[in-house]
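Make one complex out of these two single chains by using the hints.
Quick note, the sequences are listed as chains A and B, same order. Numbering that gives the first Met the number 0 puts the last residue of the first sequence at 455; the count rises by one with no breaks. Numbering that gives the first Met the number 0 puts the last residue of the second sequence at 84; the count rises by one with no breaks.
Think of the hints as simulated: they come from the structure by calculation, not from any bench.
Non-contacting residues of chain B with respect to chain A, defined by C-beta distances greater than 10 Å in every case (computed):
no., residue
1, ASP10
2, GLU14
3, ASP54
4, PRO56
5, GLU58
6, ASP73
7, GLY74
8, ASP75
From chain A, some residues computed to sit far from chain B (all C-beta separations above 12 Å):
no., residue
9, ALA16
10, LYS81
11, ASP237
So the derived label-pair ranges between C-beta atoms look like this:
no., chain 1, residue 1, chain 2, residue 2, range
12, A, ASP19, B, ARG15, 39 to 49 Å
13, A, GLY236, B, GLU53, 46 to 56 Å
14, B, PRO39, A, GLU37, 43 to 53 Å
15, B, LEU62, A, ALA337, 34 to 44 Å
16, B, ALA67, A, ASP382, 38 to 48 Å
17, A, GLU214, B, GLY83, 52 to 62 Å
18, A, LEU205, B, LEU20, 31 to 41 Å
19, A, ARG33, B, LEU62, 22 to 32 Å
We put the beta carbon where it would ideally sit given N, CA and C, even for glycine.
In case you want the letters, here they are:
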Amino acid sequence: MRLLERREVSSAELHAAYLDAIGERDDELHCYLRTCEEPSGGGIPIALKDVISTKGIETTAGSRILEGYTPVFDATVAARVKRAGLSILGKTNTDEFAMGSSTENSAWGPSRNPWDPSRVPGGSGGGTAAAVSAGLAPWGLGSDTGGSIKQPSALCGNVGLRPTYGTVSRYGVVAFASSLDQIGPVAKTVRDVALLYSIVAGRDPLDSTTAELREAVALPEGGSLAGVRLAVPKQVGDLDAIEPGVRAAFEAALDTARELGAEVGECDLPLSYRYGMPCYYLVAPAEASSNLARYDGVRYGRRVDGATYGEMVDRTRDEGFGPEPKRRIMLGTYALAAGYYDAFYGQAQKVRTLLIREHRDALEGVDAIVTPTSPTVAFPIGDKAADPLAMYACDLLTIPSCLAGLPGLSIPCGLSDGLPVGLQLIGSQFGENGLFRVGHALEGALGFDTVPECLR
Amino acid sequence: MARLARLALTDEEVERLTEELRAIVDAVSVVGELDLADVPPTSHPLDLVNVWDEDEPRESLPLEDVFANAPERDGDHFRVPPVGT
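For reference, chain B alone in the conformation it holds in the complex (with noise of 0.2 Å):
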């Protein structure tokens, strides 16, 4: 799950989250109790239809604002380690 997540976490995380996880699963497996099968998910509580708006080219915002919160530049790119293999 970590690698999914992305996060390098420590042994000593892994072991306090473990423990964390499984009583909060426990708590919120409750849902499991309700029987579902013909009731619609939400993603969205507003009957909201879909907005089109037109399609008009916008100014950006310049390349130094983009690059102004970058933690390495290289020219118009923002720079990172090696992808590696």
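Next comes chain A alone, as it looks inside the complex (with noise of 0.2 Å):
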């Protein structure tokens, strides 16, 4: 940015060099579905998850059932990357439709990790990851429905900012679960991450689930946790699936915390970590069996012959979705059917008025609830992609706080066998600006180098 200010590179260089650098990595780590040889603006270059609508250039969300589909207007995120003078680099890969932990649920083949290319850079914001974390783009944007900007931030070593629902407008993306899905930055810094959320974030008159911000978005400074309060819920002492070098990590960051000034206390969540992602699983699959009924090869999209409307209906469905979407579906139709929607979907419904209440008490008097975002650093490709329910597992930390609809950041916060760990902060609804002065921090006096060890 100091380069652009100075006008010692233009905006147009700034964008051939990611290009170029885009040219000679992404073969091997397939982050991008597609680039833009054109800037859009005379800033910053910026990746968009490919969730997100773009004016002319094709949006996929990682499905078949879109392949093709070039919207006709902008998401307003994408607008108002555009009127901030972003150059759009590019539309990064996810599972398909955001459903998934590590973007093997791309239709159009995973991406890999640049810490280690064998292995998953997570998801479902997975490409955006490990774009920003290979030098591919500065920045992006991803969309987080149960950890899908915070985990793939964790697994790749940056930073990722799953902001307050409602805070940032998603009128033109992809919806997966309408009461969960979120909009948010990634980048390396925290300062970043604030900048750009800065950008998209405020009312839009076109998404009537959007707020104000409580107050304008401060860019962090200063590296004192004096006088902050920071509470590690006590069941993540007993979870077994957080592994040791994660804990380990995770606890050291808490010793710097300490040494910045920081109170570490304890917080309890009682029913967050054995509630969480039953409720999710249940409240998230039924509104993206609703969300999805749209997709029917009629208005938009793929379209599959039949001949009758009915089997043409049918069939565009069998064929344009893939497997994780067609689970989804059946489970979401299924907590939904009649005979069973109050068993499961309106007890999901009222589970989750309990987890925002346990998060509300927990939260009082506390600055943010700290845990590792990931109980695990970055697996192989193929290690969950036959078991659904291992992949669902890798967002029992991030799931609980997304389902009261409070803000996460995601910081790296050191490494495990020399794969990245992230250290996650709640906060309480429109506390954006406290988790980034606590990040902006804690990342200062942890001095991670988000650089993958074997690009430096």
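Here's what the structure looks like:
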């Protein structure tokens, strides 16, 4: 950015330099589904997850059913980054309809983790996270339903923010689960994440679920955590799913927070880690089954012919959707069906109320709840692909606060076996500035090198 | 269920999905352990009140844009196979 301001480099040169880097490395990493040859603005380049509609640029959400779909309008977030002068580099890979934790569910093949290309970059926003990590984009936008920004940021050693539900417009973003979906930034530093958030956040008349920010975004400064109170859920100590190496890096980061003056205490989230995931896998598929009903081969996207209208719709959907969307559509249809609704979807909505309450209590007098972002580091491609429940467990630690509508910031906090470990900071609704402050101070003291060791 | 979800699944898919969904439904069924008779459901995590906008006519997308991605167009209509009986 400094070079741009001093006019030592032009936006067009920067855009071209990133395209060169993509040309060199992306055959291997597969971060991008497509790139834009011409810069769309005079500022810094940016990567957009392929669930964000971009006028004139094919947008598939990682699905065959949207193959060839070229939006005729921009999503509000795409319009806002363009208005800020940012230049769209391309559209990044994602699990199909953002359903997954590894990008292995993308109809176009998985992305790879720049720290170890035999491993996943996380998901669903693995394309954006891997691109930022490998230097194939300075920053990008992702979407997060149950961890799709935070978890890949953790696995790729980046900073990622899932903002408070409702602070960023979802207009023009391919919908997965509407009461959970959020758009958010991924970058190499907390300050860059805060800056990009300030560009996209705020009420949008085109999305009636958006809310105005309670205070302007403040770019974080300073390195002290004096007077800051952090709380670790006591249940985190008992979760066997958390790898020892992740735990060690997390504990070391807590020590660093104490050295900076933070008070690190405990909080209690007794329901979150037992009921969060089951609740999520009822609410999200139910909403997905409804949202994905629009793909019927009539108005846009792919069509598979049939003798009758009904046959055409059923065939289009069977051939267009991959295995994970089908699983979730079936699960959601079941959870919403008459006779099952009360026991499944209705019950899950009530559990959600309890999770909101217990997070509110846990955040009483506390600046942020801290946990590891992901229970594991990046896992080998193929490891969990055949076991949906093992894949779902990747989001054990990110899901509860998503259900509660709370903002979460993941920052890299160390390495385990040479792979990045993420630390998750969860704040109160509209508490992004506080998370930026804490994240920025910790980031400075931890001194994590975000460039993968093999690229240094 | 597949009929409700409008998916023409193959026999093989039905078999695989049945097995996978059984395991997933077992896992999510733990929400049934809780007695939630007095708990209100949450459909939206923010306490938003309804926002009324002025009812002002706005320009819609031009028809050429509306049909730009249509698999089949017939004049100002989307064309589909016969609805049948």
